[in-house]
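Sequences and hints are given; from them, build the entire structure.
Take a look at the letters that make up each chain.
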Amino acid sequence: MKTKVVLNFSPEAVNNPITHSLIVKYHLLVNILRAEIDEIGGKMVLELSGKAEDIRKGIDYLKSSGVGVRPIKEGVRRDDDACTHCGMCVSICPTKALVLDLKTGKVTFDEEKCVACGVCIDACPPRAMEILI
Amino acid sequence: MAGGDVVVMTAEEFKEHVRANGIRKAAKEVDVVTTGTFGAMCSSGAYFNFGHADPPIKMSKVWLDGIPAYAGLAAVDAYLGATELDESNNMLHGGAHVIEDLVRGKAVRLRATALGTDCYPRKDIDTYISLKTVNQAVLFNVRNCYQNYAVATNSSSRTLYTYMGKLLPELGNATFSSAGEVSPLLNDPYYRSIGIGTRIFLGGAQGFVVWEGTQFNPGVPRTPDGVPKRPAGSIAVIGDLKQMSPEWIKGLTFTRYGASLGVGIGVPIPILDEEMAKSCAVTNNQIVTAVFDYSQPTRSRNVLREVTYAELRSGEIEVKGKKVPTSSLSSLYKARQISQILKNQIVKGEFALDRPVQNFSLDRVFRPLDVRSEREAM
Ligand code: SF4
Ligand code: SF4
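The listed protein sequences correspond, in order, to chains C and F. Using this note's numbering, you'd call the opening residue of the first sequence number 1 and step up by one each time. Using this note's numbering, you'd call the opening residue of the second sequence number 1 and step up by one each time.
Heads up, some of the hints might be wrong.
As the list claims (entries may be wrong) - Some chain F residues near chain C, calculated using beta-carbon distances under 7 Å:
#	residue
1	Leu168
2	Ser331
3	Arg336
Read the hints as simulated data drawn from the structure, not as lab findings. Where a beta carbon is used, it is the ideal one built from N, C-alpha and C, also for glycine.
Here it is as structure tokens:
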């Protein structure tokens with residue numbers, strides 16, 4: 001099973017080797033989707049994969065280490081009404097989650113492939129891509 | 001031609017028809033080809049007449065939702081440019097976004113100040129307007145619909161934010177803005193049917209070409225078929241903003257560059273003769289443009305290579321031995337929709353075709369701006 005979580009760090013929690021513990025103690029695969037951390041704390045978006053039981057334990061561990069945890073269903077959302085299908089995002093998305101279908105002329109967004117890197121957010125002229133953190 | 005039995009095809013349908021039947025037959029069978037484009041069109045804006053207040057005011061400074069509009073025209077006329085920003089330079093809300101809000105039917109705050117005169121005593125006003133309250137609201141764009149445009153890439157080590165979009169470092173991507181084979185002026189390379197007075201689809205309404213676009217530059221190198229290989233022609237267009245729709249008028253933001261207006265334009269091209277049919281048969285593999293390195297901060301950048309729109313549309317081009325993913329900045333989806341809408345309107349007799357009142361001059365040249373003395377400028 002896979003789940004995405006947003007972590008909020010206090011300054012004290014920043015020095016905790018949390019990703020290391022998640023991997024070693026809870027046998028989780030950890031994919032860092034986004035990180036904005038400095039000495040005064042920060043935010044991190046992780047994708048955790050592993051057994052449901054391990055994910056639950058891992059999240060409990062994070063909470064007990066003073067890290068704020070909020071699960072998210074999806075990291076990035078597209079407002080389909082705002083998208084003009086211009087295609088600007090297509091060449092910058094590193095995972096090809098956004099591709100132009102020449103047949104329909106539309107740009108499709110595959111949420112499964114999206115790693116919430118955020119590169120497309122400020123590249124989209126009508127601001128149709130939104131990161132949910 | 002005014003509806004009835006006219007045979008109309010979209011640009012893509014016509015090209016397919018020519019492939020199957022040849023130019024001569026297609027020229028005989030088809031009367032009109034419809035083209036379209038939807039993209040960021042800078043050099044756009046709208047002018048308004050707000051009506052007179054009581055007591056009246058001769059507005060000298062005007063803001064629409066905080067965005068300055070130019071009021072040096074008369075008492076209550078003002079022009080709002082699409083790229084205009086407020087003092088904070090908030091690019092998410094520029095003139096283009098205010099124009100979109102108005103088209104959406106929203107009310108917009110109007111603030112104006114004035115000196116006060118004997119005939120216009122009032123010195124300020126703070127109120128709301130909408131497309132319902134103003135006398136005129138007219139989209140008037142001085143340069144739209146470029147006939148071909150450059151491809152932008154970036155060889156430097158940092159991301160560039162440009163009017164050609166986000167350019168990733170180390171030739172990470174390349175962007176292009178022309179709609180290629182469906183784009184209006186690429187189907188009429190010598191402006192035989194597109195000229196002053198041509199009726200067009202503009203932002204969802206019917207508008208007109210009023211002049212050549214600024215920077216009109218027909219003398220660029222062309223392919224043997226006459227298709228310009230560099231930015232060449234453009235058009236100045238006008239239309240009633242009150243009739244337009246948010247589907248085709250959209251406020252856009254180019255991060256760290258500014259605001260721009262997304263505009264949908266469609267132009268019907270009457271197939272006057274075989275030569276016109278040949279022009280409209282042009283396909284992406286016959287349209288060429290040049291790739292430039294936008295990290296070169298000069299107006300005369302070197303051409304990295306020439307490419308066809310077929311190559312650009314394939315999603316990847318090779319530059320300096322590297323495979324570079326490509327992005328279009330104009331919407332193929334919306335360009336197709338516009339060609340289709342225009343086709344339906346012509347077939348139903350709702351869209352009249354006009355011959356240009358006057359054709360553009362092919363002698364125009366595009367001059368640079370140099371720092372010169374008063375004498376040198378004379
Ligand atoms: S850049 Fe934005 S508007 Fe353009 S295709 Fe991508 S999501 Fe849609
Ligand atoms: S957030 Fe990153 S991976 Fe997801 S669609 Fe945007 S560019 Fe692609």
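Let me know if the C-beta of Arg336 of chain F comes in closer than 7 Å to any C-beta of chain C, holds or violated. This hint holds: Arg336 of chain F lies near chain C, its Cβ roughly 5 Å from the closest one there, short of 7 Å.
Hinted contact Ser331 of chain F with chain C - closest CB pair below 7 Å: holds, 5 Å
Per-residue hint verdict: Leu168 of chain F, partner chain C, C-beta under 7 Å: At about 6 Å, which falls below the 7 Å cut-off, the nearest Cβ of chain C leaves the hint on Leu168 of chain F intact, so it holds.
Of the numbered hints listed earlier, not one is contradicted by the structure.
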